[in-house]
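Peer 1: Take the sequence shown: its position 142, counted from the start at 1, is 184 in the working numbering, and no numbers get skipped.
Source of the hints: derived by calculation from the structure; they are not laboratory data.
Treat each hint with caution, since some may be false.
[Said to hold, decoys possible] Computed cross-link-like contacts, EDC-like style, restricted to lysine to aspartate or glutamate with a CA-CA straight-line distance of at most 20 Å:
(1) Lys470 / Glu488
(2) Lys387 / Glu462
(3) Lys146 / Glu376
(4) Lys146 / Asp530
(5) Lys217 / Asp391
(6) Lys468 / Glu488
(7) Lys217 / Glu376
(8) Lys452 / Glu488
(9) Lys459 / Asp473
(10) Lys145 / Asp219
(11) Lys146 / Asp219
(12) Lys387 / Glu272
(13) Lys392 / Asp321
(14) Lys452 / Glu462
(15) Lys477 / Glu462
(16) Lys217 / Asp234
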Amino acid sequence: MDKKNLTIGIVFIVAAFTTLIIGSRLQPPLAPAPVAAAPAVAPATSLADPAGPVLAATPTAANTAFAALTASRTDAQSSVLANEFVAVRLTDFGGAIQDVAFKKYPATQHGPESFVFNERHAAPMLAVGELAGLGQETRYELVSASASEVVYRTVFEKRLEVTRRFSLPHATDPKADPYRIRHETTLRNLTDATVPLPRLVLELGTSSLVSPNDTGLYLNVASYDGKDSEVTDRNAFNPSFFARFGAGDSNPKTQLEQTRPIVWAAVKNQFFASIYTPDQPGQSVVIRRVELPPLPGGSRTDVGITAAVRFDQPSLAPGASQTHTGLLYVGPKEFTRLNHSSEFKHREDKVMQFDRYFFNRIFLSGIVAPILNKLMVFTHAQVGNWGVAIILMTILLKLISVPFTLAASKSAKRMAKLSEPMKAIKEKYKDNPKKLNEATLNLFKEHKVNPAGGCIPILITIPLFIGFFAMLQGTAELRFQDFLWAHDLSGPDTVWRIPGMGFPLNIMPLLMGATMIVQMRITPQPTTMEGPQVMMMKFMPILFALFCYNFAAALALYSTINGLFTIGQQLLVNKYVKDEPLTPPAPRGGKSVKNVTPTKK
43 MDKKNLTIGI VFIVAAFTTL IIGSRLQPPL APAPVAAAPA VAPATSLADP AGPVLAATPT
103 AANTAFAALT ASRTDAQSSV LANEFVAVRL TDFGGAIQDV AFKKYPATQH GPESFVFNER
163 HAAPMLAVGE LAGLGQETRY ELVSASASEV VYRTVFEKRL EVTRRFSLPH ATDPKADPYR
223 IRHETTLRNL TDATVPLPRL VLELGTSSLV SPNDTGLYLN VASYDGKDSE VTDRNAFNPS
283 FFARFGAGDS NPKTQLEQTR PIVWAAVKNQ FFASIYTPDQ PGQSVVIRRV ELPPLPGGSR
343 TDVGITAAVR FDQPSLAPGA SQTHTGLLYV GPKEFTRLNH SSEFKHREDK VMQFDRYFFN
403 RIFLSGIVAP ILNKLMVFTH AQVGNWGVAI ILMTILLKLI SVPFTLAASK SAKRMAKLSE
463 PMKAIKEKYK DNPKKLNEAT LNLFKEHKVN PAGGCIPILI TIPLFIGFFA MLQGTAELRF
523 QDFLWAHDLS GPDTVWRIPG MGFPLNIMPL LMGATMIVQM RITPQPTTME GPQVMMMKFM
583 PILFALFCYN FAAALALYST INGLFTIGQQ LLVNKYVKDE PLTPPAPRGG KSVKNVTPTK
643 K
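Please take these sequences and the hints and turn them into a complete structure.
Peer 2: Below, the structure is given as C-alpha cells:
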C-alpha cells in the first residue's frame, strides 16, 4: 500500500511541477485589443456664452481596451529638476513630469543607466487629463526654471489662466523626502463672469513590468481613504471566468474606477511607485491598462497600467483663483522610508501590500513583515551585505524561538513513548470511533502529555515565513543584490537553463527542500498520525520546494538557513536532552491503592 501511495504521490508532484513551471511558458500571450484612434475633442463653449462650462471633457472611446501609448515629441522642450537621488524631467507639452530617473537604482544589473519610471507612458505624470485644451496636447509657456523649481503657464481662450509649479527638495533637506515633488496648479478666472469649473483630473503615470521574471503580481493601482486601501490589478480588466462559457460580457473592460475619498493614490510595480498625496482628498481614481512592447529577453506581453485622480472644483468668481496642491512621491518601495510618519503622514507605507491577501492577514503579515523589513535593513547597515544580513536575522529569529522548540521536542519524545498504548487502544476500539477518541484523550490526560505541544514552533515559523515572503516581494533594496551564485536576491537564483526548453535550474529552492526532508527525518513524529498524514508529511518538502521554485532567492535562502539551524538544534536535542519519564496514571479516585499482595514465605 505504501508503494502505491508513493507512486501516486510522485505522479502528482511531476504533474504539479509541469503545470506550475513548464506549463506557464506554453501559455499564449494575452491578445491585445486593437487600439482605437485618438478620440475627437469636443469643442469648448464659445466666448459668447460666459456662463457655460469653460472646458470640454475629452470623451473616452468605448471600444478602446488599452490606453494609447504616447510617443515622445521631438519638438518638446524639457526642463530638469535633480538632486542626488532623482532626475525629474519635465515637458512643456502639458506642463507636467515626463519621467523620473532613479540615480540609486540601475536599469540593468551593473549597468550605467538609471531606472526610469514612466519612461513608456500613456501620459506625463500630473498632466491634466480628460480636458480638451489643457492636457498633454497643449504646449505650456515656460515661466521660470531653476535648480529646484520649474513653473509653466497657459491661457485658455483668454478666459482661464493655468499656472503649474513643480519643486524638488535638496537631498540634504531634513524636512522633505528627496523623492517627493511638490506640485501646485492654480486656475484664475480672467473674465467678469462666474466660471463653473469642470473636475480636475491629474495623471499618476504608467507602470509596467520591471524584468522578464516579473509576473505582474504587484503591478496595480492602489488608493487609501484614511482607513483602508483598495487595490486594482490589471487582471481586473479581463472578462470574468463565467464569460468564457457565454455568461456575461466576454470583452475586456475599458476602464475601472475606485470611487471613494482619495487621501492618496498610487501606480506601482514590484519595486517602484508613483504616489500622489493631495492636500485635499480627491473623489475617485480612474484606471486603464496600457499595451507595451515585450521587455528585452522576455516573451510575455507587457501589459502596463495607468491611472488618474479626479477632483471636484468650485465655480470661480470674476478675478478669483483656485489652487490645487499636493506631493508626488516617485521612487523605490522602501518601507523604512515610507514609514517615516513625520514625512509620510497618511500611511503611504501601505503601498507595500504586506497584508493585502486573506492568508497574510490570518498570519499577521501586517505586523510581522514590517518588523522583519526593519530588522533586515538594520542588519545590512551593520554588515554591508544583504545575503549575510538575511542569514544573521534568520539565526536571530531562531535563537528567539529556541525555548519553544525545546519544549516542543520534549513533547514529541513523550508522545513517541505512547506508541504502544496507542496501538492497543486502536485495536481495542477499532469499531467504535467514539470510544477510541475517549480512550485516546484519557491516555493523554493520565500521562500529562499535550498532543499539540509539538505544534508551537510551526505556529511561530509559519507567520515568519509568510511575513518574510510578503516583505521580500516588493522590497526594492534587494533588487540586483547578489550573494554567492545568486545574481539577484529578489529573483530566482538560476544558474543554468535546459537547452531548447529554457527550463531554469535554481539551486536554492532545491537546498531548501533537502533541509526540510532531513529535518522531518530526524524529528520525532506524533503517534496520532495515520498513513495518509505520514505520506503527506513526506511529500510536503517536495511540494514546498516546487511552490517556491521561481520565487525570490532571498526567500529560499531564509528557509534554507532556518532548516539548517533546525537540523543542528534537533541533533543536539536528540543527543543531549534527557528523556523525561511519562507521568504514571493517577489512581482512580485520587487515592493510593493499598498493596494487598501476600508476602512470600
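Peer 1: List in ascending order the numbers of the hints, as given earlier, that are violated by the structure.
Peer 2: 2, 9 and 16
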